[in-house]
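A.B. asks: Respectively, the protein sequence lines represent chains B and S.
Residue 151 in my numbering is what sits at position 151 of the first sequence, and the numbering runs on without skipping anything.
Each number in my numbering corresponds to the 1-based position in the second sequence with 1000 added.
It cannot be assumed that every hint is accurate.
To be verified - Label pairs and their computed distance ranges (CB to CB): (1) S:Ser1222 with B:Asp244: 19 to 25 Å; (2) B:Thr92 with S:Ser1222: 22 to 28 Å; (3) S:Gln1116 with B:Asp244: 43 to 49 Å; (4) S:Thr1207 with B:Thr92: 39 to 45 Å.
As the list claims (entries may be wrong) - Here are the simulated lysine-lysine pairs, DSS-like style, with alpha carbons at most 25 Å apart: (5) B:Lys100 with B:Lys400; (6) S:Lys1257 with S:Lys1303; (7) B:Lys112 with B:Lys100; (8) B:Lys300 with B:Lys177; (9) B:Lys124 with S:Lys1294; (10) B:Lys124 with S:Lys1022; (11) B:Lys106 with S:Lys1294.
Don't read these hints as lab results, they were simulated from the structure.
Being a predicted model, the structure only gives us computed values, none of them experimental.
A virtual CB, placed ideally from N, CA and C, is assigned to each residue, including glycine.
These are the residues of each chain, in order.
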Amino acid sequence: MSSYLYDARRLAAPPTVKRDTLRIIGTDVTLLEEVRQLAMQDLQFNIEYEPLDFLTCQRSAAMNPGQYDIYEQCFHNLDIVWYWGALQPIDTQRIAAWDKIGDLAKIGGVSKYMSQGYGDAPIKKLYVQPDGVIGQQSMRHISMLPTVHNVDSFGFDRRIFGDEGAEGSSWAWLLDKRAKGRIALVDEPAIGLFDVALAAEASGDLQFADIGNMTVDEIDSLMALLETLRQQGFFCGSWLCASDAEALLHADKVSAQSMWAPSYGNLGPMQDIFVESVPREGYRAWHGGTSLARHLTGTKLGMAYEYLNWWLSGKAGAVMARQGYYMTVQDQVRQYLSADEWGYWYDGQKARTDLTGTNGKTVVRKGQSRAGGSYLERVSRIAVWNTVMDEYNYAARAWKRFISSLNEGQS
Amino acid sequence: MTNVKVLRGQEPLYEVIYQILKRNILSDELPEGLVLIEGPIAKMMLTSRAPVQAALRKLNDEGLIHRFRGRGYLVGDAANDPEPVRRNIEEFQLDISDQSKSALELRGTWMRVYDQVEDDVAACQVFGEFRLIETELADFLGVSRTVARDVLSRLNERGLIRKGASSHWLAGPLTARILREKYELRAIMEPAALKLAADHIDPAEITVIRNDISQGHTRESSIYEDAFQQHCLDRAPNDALVEMIRNNRLLLSSVNKALVRLGLPGDVVAVDQYRVLFDLIGSRQITAACEYLKEHLRLLADKNLARLKIVALVTEAEAIPRYLTPL
Chain B
1 MSSYLYDARR LAAPPTVKRD TLRIIGTDVT LLEEVRQLAM QDLQFNIEYE
51 PLDFLTCQRS AAMNPGQYDI YEQCFHNLDI VWYWGALQPI DTQRIAAWDK
101 IGDLAKIGGV SKYMSQGYGD APIKKLYVQP DGVIGQQSMR HISMLPTVHN
151 VDSFGFDRRI FGDEGAEGSS WAWLLDKRAK GRIALVDEPA IGLFDVALAA
201 EASGDLQFAD IGNMTVDEID SLMALLETLR QQGFFCGSWL CASDAEALLH
251 ADKVSAQSMW APSYGNLGPM QDIFVESVPR EGYRAWHGGT SLARHLTGTK
301 LGMAYEYLNW WLSGKAGAVM ARQGYYMTVQ DQVRQYLSAD EWGYWYDGQK
351 ARTDLTGTNG KTVVRKGQSR AGGSYLERVS RIAVWNTVMD EYNYAARAWK
401 RFISSLNEGQ S
Chain S
1001 MTNVKVLRGQ EPLYEVIYQI LKRNILSDEL PEGLVLIEGP IAKMMLTSRA
1051 PVQAALRKLN DEGLIHRFRG RGYLVGDAAN DPEPVRRNIE EFQLDISDQS
1101 KSALELRGTW MRVYDQVEDD VAACQVFGEF RLIETELADF LGVSRTVARD
1151 VLSRLNERGL IRKGASSHWL AGPLTARILR EKYELRAIME PAALKLAADH
1201 IDPAEITVIR NDISQGHTRE SSIYEDAFQQ HCLDRAPNDA LVEMIRNNRL
1251 LLSSVNKALV RLGLPGDVVA VDQYRVLFDL IGSRQITAAC EYLKEHLRLL
1301 ADKNLARLKI VALVTEAEAI PRYLTPL
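The following block holds chain S by itself, in its conformation from the complex (with noise of 0.2 Å):
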């Protein structure tokens, strides 16, 4: 992990990913009109939005992109009024020089030391409340304090941490109110976001899905609950409530996992419910399939609010890496 204190005293971070913006503007890979979104580069890159800000920022700056009336920038001269062209950037064949590369595959595994982290702390919830220490972290995963800190600020902005009132970082505990008001507010969203989404869906996506569930190739419903993030809720034309949706599952589905380690076997009922769903919004019965997305998350709510209770006959010591303290 010495690397990372190579990296990070090299290149920042913005640099790598303006430089790779710059060189697949130049070639045309990306086409002039292309509508560049904060969101969708910083999850490519595997970054945070930050450095991605910085390097769009640049490239307007040297009027390689330009900002338009929509949200995020057009690839090209303004002066031109382009088009908008709404497509993912995760569509185009990159081109990525050598050194950039290494500098990303090494940002990808700091990512993934942040992954562990990120449902490692999602997952102690379930056992109550606990503090994080930043020494402790460092030197857990072999980085300096500096690395922890950004680890730790990336689990606070994402809302699974705080910060107590000694200004210690707190996670958890996981209450079963709380879970019912994260399923609530998907009720809310998710529906919402489909019907958005409803003219954004790509039906031979959505075939595959439904043959892969018929063919009961897994039996593991959070597949398909990822599929449908994936191919539905994602095509939302709207970036700000798709985040939301995100980071509002994100903790239901690191306590998912957690049960699932427990040894939660399959929900065959779940799996059954998504191919309803992927049914309905392959044939764009599109407001039949938001309500029968609202029943299966009411559903989906109790049932998990059960499950939770299961972990009360657990002990934390079981599933809880060092550095979360119990309180």
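Extracted from the complex, chain B is given alone in its bound form (with noise of 0.2 Å):
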């Protein structure tokens, strides 16, 4: 129906005007069918979605910056994309909700006051400087537009773990011997290599001078350690996306593992078994966004800002909070989610009604409410963000190997 109407316009409408297709490459984080159907009402372009793994993602962003129009994906992604030459900046002049995005992605905590956390905070990567890198001091020129975040933990097995006491669960639990045989970790160099990372201090089996940019002396311990783990069967395998996470539950063989918000509402029977963790030493952040390809110019680079300014109007932002996920702009998605839904994601209260999630099924039940509270109060606790640290190459290899000799055990 929509592409009808769309057609009727384009007939009218002057025909130097060519409005033909953006083509968007991401992850499945955001890059959702649901999003794509209410951009292209309200635009009336014609919108193609490429949803790709974490790093080929990344991978074909750099590499081949011809084949798409925006690259969704998330700020720690951004140095390898950026200084590869693929992206244009954003002029914030034509960003028309700038100003109401938070202070979390401008200034790099909730409140000046608040620490940025360890590694990738955005605003470290979110400014065009005059001389072409990307770095905090603010200026009129971005990067990448600050979009969806959200911050993560750790999933585990009450019946193991017990409740969290008031002082909240600790990231040790991820490697601790209660949970021998039943961890499994997410296999993303920027992400599960943090998760263990945490685990490792927080158990008090090493120590990070700066946790989000780690030495090569610090990689190899961190993967020494989890080698022996590894041999002393700790870890019953690793997954690459959340659907993955949610079988491992669903067939009973995990008790703690890296998990994502969206998954908490598909477990079923599970849900009051396997719990979010709320850790004592904070969680792992990550920041999503939108970047223009290099190559644009003209009428598309106008469809693009248009489809730039489409995600901070609210609808998007609806969408996303439905899967547990944060917007930058938070005035325009409370227009578009009911009070009850805006309560339990961004407000920490107890749902009053049962909710449902972007697939149309319940995944939260009335009378739960979200684990660490309201968006405040998750966001005032960031310990480290996903991060592409300098020595990037070489934790990715060695996470890797670590990676084939846990699978080639499983297998």
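Hey, can you piece these two chains together into the complex? The hints should help.
C.D. replies: Right, here's the structure in full:
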């Protein structure tokens, strides 16, 4: 129906203005069919989504900039893509809601008094400096428009660990011998590596001078610890996408594992047993955004700016909220959520009714409240951000070797 | 490549170099008082320094050249006490006999082989740690084990490979720390060399490069980096420093070449920075040029650290020749 209307409009439009397709690459964190349909309805041009896995997306964005118009991923992926010359600066004067974007992205913490957390806080990569590098000094042009974000922890089995005390759980549980043989990790070197690093530091096994920028020696120590635990049979496997993590749970294989927000709503009967931790050391955070391909000019660039502005208009944010993700311009999102939804997802209140997720199924039952509380409570406790460290190349290779021996051991 | 063996069975390399220098001293092409230094001669003859040293010793023994208070030798008899003439050996039109020429050309072939190996060995290091096996290298190049051994010891001399605990040759891994350290060294050595070189830089050469940049002939920043080395840093009257700078840059420029092969587009900002740098040097604002160079190197270090990260997403097999075994 919407495409029929679109065709009708096109005939009336001046023939020189060709509104063709906007091609977007990203991951399944944001490239949801529901978002695409909503955007096409509002923007009246065609949009193509190409969802890729995390590493492929990063690589394609850097190396094939001619193949897409818009790149959606995270600030920690930016170093690679930006310095490969694949993107162009975004003019904040063309972003209508720029002033409404919250401080977490713009000043690094929810207020200037809060810690930024270790690693790739978005502000460190946000502004395009006069010499073309990306940095935190406020500028008119930015590298990526900050949009969806969240703080992550891990999930644990209450039957084994009991309830979190007043002081919360600890990342140490992710490598705890009570869960030996039933621990799974997310296979992504800019994410999973930090889950285990937080765990190793919390358990007292290791110490990092800067957990967001480890030295080669620190990486070696961490990998040695993981290898020892692997040989002792601590791990039952690794996972690449959220549905794999859920499958491990449904197969009753894990007692503690890395886990992401949307999965907690898909656990069915396990929902009361396997819960999201609120680690006392703080969260591992991530911040997504949207960038412009270098080659965009003229009409196509105009379409891209329309799409960027649309992302902040609230509809996309409402879809994101229903899988547990936050948006930078929150007043707009609130318009598209019910009071119950807003209360649960953003305000940390008890759900007064069952809430449905993006798939239309119930993901939150009446009476539940979100682990960690409200938006402000949760994002005030960021320990480390997903990060592509200086030694990423070294760390990612060591991580890959660890994961492949882990998976060989399983088969 | 069998020719190499034939050549090696013939005249030793130092003898070839000795003959060339002797011929040109006797013909006065190389004037009395000219300072002869190993490095530039080795570079011109496409050899390592050892045979040049041997050739110079022999000429010294025969009284054709003599030692003096500076580095190197002076052409002519010590009794005449000539004033030192400091000019680059490459500026002279050396008369080289056909026989010496063919010996050097073969030597050149060997060097071309070496250059390729050097590129590969430097470039592989971004992918981790590798072991080099002498027999496989010889096989790959189609040369004898003796030649392969020479190649390996030259790589070792230049700091590209090292002996491991079990005396295997090892290369890499190039970590962010090594990269940062190399750029820190550059920021220490290169401004110092530029200051020393100030009075020896030819303004006409700088003008040519500046025009080249403003006409936008190439957006490839490595061309200007090389020009800066050749026309500015190399002019520093301190050979040891110049050699340290060159060796320190070796791995960095190979990494850059490897990244360009992977598709890294030209660095427009870096080219602009070279224009400013050459402008400053051309107008003899050397102190400002040194400061600008430091800032340029700091930025370059940050950018290259970020660029190196992409290599984590590239599989080794795409780039590595088979004589390098991943560890």
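A.B. asks: Compare the structure with each hint and give your call.
C.D. replies: Results of checking the hints against the structure:
no.	hint	result
1	S:Ser1222 with B:Asp244: 19 to 25 Å	violated, 44 Å
2	B:Thr92 with S:Ser1222: 22 to 28 Å	violated, 34 Å
3	S:Gln1116 with B:Asp244: 43 to 49 Å	holds, 44 Å
4	S:Thr1207 with B:Thr92: 39 to 45 Å	holds, 41 Å
5	B:Lys100 with B:Lys400	violated, 40 Å
6	S:Lys1257 with S:Lys1303	holds, 15 Å
7	B:Lys112 with B:Lys100	holds, 16 Å
8	B:Lys300 with B:Lys177	violated, 55 Å
9	B:Lys124 with S:Lys1294	holds, 22 Å
10	B:Lys124 with S:Lys1022	violated, 63 Å
11	B:Lys106 with S:Lys1294	violated, 30 Å
The earlier numbered hints that this structure contradicts are 1, 2, 5, 8, 10 and 11.
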